[in-house]
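J.: Residue numbers (the working numbering), protein chains in the order written: chain W, 1 to 343; chain E, 1 to 535.
Among the hints, erroneous ones may be present.
[To be verified] As a list, the in silico BS3-like pairs of lysine-lysine whose alpha-carbon atoms are at most 30 Å apart:
id : chain 1 : residue 1 : chain 2 : residue 2
1  : E       : K260      : W       : K339
2  : W       : K266      : E       : K233
3  : W       : K139      : W       : K240
4  : E       : K260      : W       : K343
5  : W       : K266      : W       : K252
6  : E       : K260      : W       : K329
Hints are computed from structural coordinates only; laboratory data are not their basis.
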Amino acid sequence: MKQRLLSLVLTTSCAMLSWFVAPYALAEELRVLVHNSFSLPKPLLAQFEAQAGVKLSVIKGGDSGELLNKLILTRAQPIADVVFGIDNAQVAKAQAANVIEAYASAPPVRAGAPAVGNGVVAVDYSFVALNYDKAAFAKSGLPLPKTLEELTQPQYRDLLLVQNPATSSPGHVFLLATIAGLGETAAFDWWARMRANGVKVAKGWSEAYYTEFSKNGGTRPLVVSYATSPAAEVFYSKEKITESPTGVLFLKGGVFRQVEGVALIKGGGQHEAAARFIEFMRSPAVQEALQTSMWMFPAEPGTARAEVMRHAVEPASFDSLSSETIAEKDADWVSRWTKMVLK
Amino acid sequence: MLQKPLFQRLAVGLLPAGFLLVMLAAPVFRLLFEGGASALAGMVGALWQDDYLRWRIVWTFVQAVLTCVVALALGLPVAWVLARYEFSGRTLVLRLLMLPFVVPTLVAALGVLALWGPRGLISGWLGFHLQDTPWLLLYGNLFFNLCVVVRAGVDALAQVSASRVAAARTLGATPWRAFWRVEWPAIAPWLASALSLVFLYCFSGFGLALILGGQRFATVEVEIYTLVAHELKLAEAGALALCMMMLTGGVALLYALVEKRLAAPSRADVIALRRPATLRQGLAVAGAMLVLIVFCAAPLLAIVARAALAGPTAWAVLLEEETRLALGNTLRFSMTALALATVLGLTHALAARHSVWLRASAFLPFVVSPVTVAFGLLLLYPQWTASLPLLVAAYALLAYPFVAKSIGSALDSLPTHLEQAARTLGATPWRSFWRVTLPMIAPALRRGMAFAAATSLGEFAVTLFLSRPEWMTLTTLIYQRLGRPGAANLDGALVLACLLMALALAAFLLIETTQAKAIDNRTQRKINRKKAYHA
């Protein structure tokens, strides 16, 4: 038995060694760096490979903040040719670090269409905003808050759940939303009063939504999520439902539009295939598919909306910050937030 | 003692040492270098001035020590009962013990909260819940770590010399005194080894405890992660990581020194298992089971129950193509990582017999902050970062200390005269290792392999590395589901967690079952022989 075990171990390790030294088949390969939420139907990607005559090699690099930092660290020897997932909050940082190569053939941005800027071609967008548990509010009889200010009042004590801006992308964007909507001083003042009023901080979106949100067994009926989340709730419901169990609240200072785009990586190869990939991400097929695979709104105007997306409303207005301001002040804001809310 | 030249004795350690150098030391130094070495020195001093960070470091230390104390207090009696009494299902309990290791952190949190959370079952009975209290954090730490202490304790108690205990009892020692004077000295090194693992896990861990304890109880590793992955402040992150490395490295070195001093060859007469005869003994077994159910099994049962209640539509997830891909990958990666971890662990343990530094370095993969390793690898080998060998090597890196520690303890308590006898009778060193040493350390090897398999099946820090969609494992699939809203996603994740647990249990049974029988047979033969001799 022991001999069998050891020979098994030896054979497997030999097999693995051969795996190590096996030459890497480098056919025409387009390396695409994406964030962890990237997801498109397989047939679509296969279709692109056939048309462009390249093999797609998709590399997942963490959430969007982590992704950009990995890109910056490896700029001397880029790990991919094209990147998807740089958003309007980070584009100035990417620009400053000189990791993006402007895509020349992008057509001028149409009026009303969202843009990322700085050579990044917009693919999709969504809004980070407060979601609420309809059943919990109906049960307590509490009216839905109409302003962020109301949330600091005693009747809304211990109801709000946010993600840590230092470890979570929606949490980070929500902090930016408060600064954009209320102004820096008033925003941090609001956070200080929210701390006193029992705001809860979770590590990331999944932890917040699945362990603390009242819809899933927690105690908090208000959570930072996306404008598209109610549509996903309907799409992934157990029984067929006609109304989402959650709703979205667009409060002044509580909405931020996140526009994600695709860009060429400076120093990456395969320029022709990379350009085709950028066009592919803007093609009607991808623009339609991404709505229910990544739960984002399509950036290309005139794209047909998926049926379930009627449960996802867009806000009439929202505030934004310039990417340059974010790049300059972001780290300070996050550490100031940490001191104010967590310490 | 058959003395060989030092370099020859250490030659076997070249493989693990080289592996540690390439996979761990070089990347970390690369990251520190990127951050600027000169900035580093100033940072270390400045860090301690920062009230918040100092509080974090102290808190991290306190919760790790507290967990060790409680894990020992609860784990040792349980281990003693499992090592001394025979009852039906005993071996299964030993295998089941390791399941907490496999469950993805977020799923474990769901299980724990289903019991102790605001709407939990137990909270409902008690009328209060534990969410956001340090108690839940401690509970989460015990859920993961109690099994480490119990398994090590069982193995340690199994090698206590029967005749010495019998002699002590004959000379009038109470069972308690016999335990304290005979059994405790024999098992102390094993427990020290297990507790060091627990300490390092709690110290650097940033999983379950963080979800359960809330962000205020975050450990320093979270701070390092934020600095590296989100703010790219490599100098500060490097300084902080270095501080933690010195602290934990000190613990590891201290442990290695203690272990080397305590190491004593045991005698090959094992204490036979007996059936609980008196009411007190029966109660002891029941009590041990109760501890294990409350701390280890209950959250897992909660997960299984929630998945079972989800209904047939949720279970249809098992038939999806994605699940098949993930299952295949999980098997493939774990098996490769396990093979690599076994070779590394075995060679490391053999070489570590002669060097305190090598002994301490087996802890390195737990001591060094995972995010610094991940980003260091990215800087050092950019062209390899999205390659499978690197991913598998990362799995093996995190898994092999279990094999090394487990075998290390076994080698320390190995009776030396048997190997010497084999050598005197003309066996080559290789042959005496193959026929004498290996059979005797086999149980420890298997225990280490089971833990290594559990770590490779589970997640730990591998999520920090670059990945590819086609490398989807069951754990990443579960996280993908929990990354989207909707009841069907939650149910699917719970069902997949059940599949993962079933797979892990099958792996544990496969790795350890034959050994358990072999030991039992051997023990039985020995007992029979003794009986015949006395008659």
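J.: For each hint, tell me whether it holds in the structure or not.
T.: Now the hints, each set against the structure:
no.: 1; hint: E:K260 x W:K339; verdict: violated, 45 Å
no.: 2; hint: W:K266 x E:K233; verdict: holds, 22 Å
no.: 3; hint: W:K139 x W:K240; verdict: holds, 23 Å
no.: 4; hint: E:K260 x W:K343; verdict: violated, 42 Å
no.: 5; hint: W:K266 x W:K252; verdict: violated, 38 Å
no.: 6; hint: E:K260 x W:K329; verdict: violated, 53 Å
Of the hints listed earlier, those the structure fails to meet are numbers 1, 4, 5 and 6, in rising order.
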